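S.K.: If you want the building blocks of each chain, they are given just below.
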Amino acid sequence: MTKWSAPDPAFRDRIERYATSPVMKDFFRLQLLHVESGEVTIGLDHRLELGHKPGWFEGAVTAMLGQMAAAWSCGTLAPEGWTLLTLEQSVKFVGAARGERLVGRGRVVKAGRTICFGAADVFAVDDSKESLCGTVAVTCHLSPPK
Amino acid sequence: MAAYNIETLKARFDSSPFTRWLDLDPVKISDEGLEFSIVTRPEMKGSPARNSLHGGVLAALIDIACSFALIVGDGNDHVTVDLRTDYHRASKGGRLRVKGGIVRRGRRLSTTEARIEDEEGVLIASGRGVFMTISAAGGKSDGKENSQ
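Same order as they appear, the protein sequences are chains A and B.
Its first residue numbered 1, the first sequence is counted upward by one per residue in the working numbering.
Its first residue numbered 1, the second sequence is counted upward by one per residue in the working numbering.
Derived by calculation from the structure, the hints in this document are not laboratory data.
Heads up, some of the hints might be wrong.
Unchecked claim - With a Cα cut of at most 25 Å, we get these calculated DSS-like pairs of lysine-lysine:
id: 1; chain 1: B; residue 1: 99; chain 2: A; residue 2: 92
id: 2; chain 1: B; residue 1: 99; chain 2: A; residue 2: 25
id: 3; chain 1: A; residue 1: 3; chain 2: A; residue 2: 146
id: 4; chain 1: B; residue 1: 92; chain 2: A; residue 2: 146
Note that the structure is predicted; figures quoted are calculated from it, not measured.
Next up, chain B with everything else stripped away, as it sits in the complex (with noise of 0.2 Å):
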């Protein structure tokens, strides 16, 4: 059974300044995974010239699904060790569908993997990210504590 729900994480998303800022709208969460939109603004541009969203923010999309893939299932947190993004299409912005799902949950390490599409279903970009797991009970950071 997942650690959360449509609201709870919601509210999750909400407690980070930065996630905050995204303005992510949780849509499905299982044992699995999750999948969440945002509506993209107009500050979240990169080039003025091309119109498109900004890579970091995309990066960090990807981070965020990959990351959530393992918190909504077991409640725990876990740091961002190593992420890699591939931008597959530039995105004209409007709503983006994240989908974060997990590879392989460790007792440790995991590895998860996220993609992101737009309204039509076009993968704007692709990613994969490597996990260590801090227990929810206060578990040791190792001073590495780079993400969510």
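With the rest of the complex left out, here is chain A (with noise of 0.2 Å):
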């Protein structure tokens, strides 16, 4: 149970499209783990396309992870029909993003009624065993309809 209430009941659809845009889904192939109001966790498997060399993930990748871990929180909380633009990412690389998976794990840290902040710790998944990787923080814009 979050603190955050989603004002759209669909909130789990709109962000099952965000994960099926083009280069999430047929580039990244992320998976989606965990959608609640507030809160959005993903995931992906490592493949040679996503690092720099074999085993390591590259930075922009985890980068990602985490933007749209955090982005995708505050998405939840978007009005139906309402548009969500990120403004804003910081990443901070905290650790080695090596292992066989990366999992993101987003959650809105303050709603206004157009403003969103969000954030993400991204860990990095080696022999089942977690560590944190990169931290992300994002100034997300939720818009109405034109």
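Relying on the hints, combine the two individually framed chains into one complex.
M.R.: Structure (structure tokens):
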């Protein structure tokens, strides 16, 4: 149970649409693991195309996963028909992004009517052990229909 | 004198599977930074409804421009410690120009910045990063090897 209440009961459908965008579905092959009001967890398996050498994830991939988990957490709180835009993101690379899998756990930090702050922790999973490799903060804008 | 020229930088870009997927074209190189271009493709779009380039791709371009602003000058590797990206306008695609420059080069930590513009010169995204230098001779990575 989260402290945020999604105004759109179909918020899970919205997040699934985000996750099936071309770059997410076809290139990153991102997996949606958990969606609740104000929380999104996503994961992706390692492939050579996602790193600069075997076993390592590219920094940009770590940043992207964290950004998506954080921004989509904000997106769960968008009213029906509103759109989600990321205004700014900041990522701290705190550990090695090495392993068979990355998992990004996102959450809403504070939600206003149109500005929403989100955060995510990104973990590298190696031999079933998780280690924190990145933390991400985002500022998102929720835009009403034009 | 820069450690890379257009041809060797293109080869360096293409040596990484991820940057090879992006398919980057170096345009200018100097001791103080670089410029490269990218022709965006449909599979890089975020929302089909908005027909705009995905923010993760833009952040990746900022990261690459910021880190390679250092790499082309000294030939060392630099791993990302901190990266910030500001999204200013939606990009509808086409060719983007990406410029990376050095704010301050330190012995261990350096700060760089980058801009992404479309073909009309409209600023799409900008960013700034902090990078830790890894010796080209095989210096210790501190286990934080997240980027190039």
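S.K.: Return the numbers of the hints above that this structure violates; sort them in rising order.
M.R.: Hints 2 and 3 contradicted; others consistent.
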